[in-house]
Amino acid sequence: MMEFLRMGGYGAYVWSAYGITLMVLIINIWWTYRFYKKSREALGGILGNFSKHQPTVRKIS
Amino acid sequence: MYLRWFHKLSSPPYFYRLASILSPWLSGLSIALIAAGTYGGLVLAPPDYLQGDGFRMIYVHVPSAYLGMMAYVVMAMAAAVGFIWRIKLAHAVAVSAAPLGASFTLLGLVTGAIWGKPMWGTFWQWSDARLVFFLMLFFLYMGYLALRGVTEDRDKADRLSAVLAVVGVINIPIIHYSVEWWTTLHQGPTITRLDGPSITMDMLVPLLVMIAGFSFFFVWLLFVRLRGEILVREQKSRWAQELMQRSRV
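Going line by line, the protein sequences match chains A and B.
Per this note's numbering, the very first residue in the first sequence carries number 1; after that it's consecutive.
Per this note's numbering, the very first residue in the second sequence carries number 62; after that it's consecutive.
Be a bit skeptical, because a hint or two may be false.
Straight-line C-alpha distance at most 30 Å; calculated DSBU-like pairs for lysine-lysine [unchecked claim]: (1) A:K38 x B:K217; (2) A:K38 x B:K178; (3) B:K149 x B:K69; (4) A:K37 x B:K178.
Read the hints as simulated data drawn from the structure, not as lab findings.
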């Protein structure tokens, strides 16, 4: 196991390269889904405002 | 027949639905391939006779650098289609490819620097053509995104940035052939050689698996981002509003 982590003396380089790659993959997933969610929410907001301006029937008491 | 299919594909509501169906499959496939490629690269592949275990950085460096370039080609082609035929969806594809491509280009630069330190004795070399032209690719992405950022009108931003993307595509073959045209620290091509790849099968297979995994990863996130982009661009159209109304009940 230690032998595997040492990577023949290149451990620090190999693991940091793999670590940064994993980080970039995860950030990309998070980023992309956040953009998608925000776009949906923005559209929902527009529709919400739109329905607020619809004429409503008030009950006359 | 192909024309009809293409026409259907370029319709935003159709593509939106297609992308939602494909996304879970693409995500599963890309994660499985990347996991398998990582295992193959770190465990199964034998150490290099010259670089020992240090060569294993190839399995993250080459796929990310390749993806940085592939995403640019996708972006430039989509931008050209959008510019020439005025297809709205094509511009949306170009915009969605840019941030993904930029992040992988940066990753290619960083992993390359980390690999360069122990093997070449330096993180960076300004006189190396491959390195400098690849840095230029990153600046092209940044320029593209900045140009879009400062242009208020979306149609104008689409057309202006399309010109930049298409002109910049000349950089891609320059990057590819830079290691043959100039003497560089960077090694020559390993896979795309006339006499076949100069790498043994047990080292090559994990690399190809990793490249496939990164490619599916790109298509997956491109589709998700595109769905968001389509919703923003189509917010006034009936289908998008109906879709949102249906999903809210």
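Here is what the structure says about each hint:
no.: 1; hint: A:K38 x B:K217; verdict: holds, 23 Å
no.: 2; hint: A:K38 x B:K178; verdict: violated, 41 Å
no.: 3; hint: B:K149 x B:K69; verdict: holds, 13 Å
no.: 4; hint: A:K37 x B:K178; verdict: violated, 40 Å
The earlier numbered hints that this structure contradicts are 2, 4.
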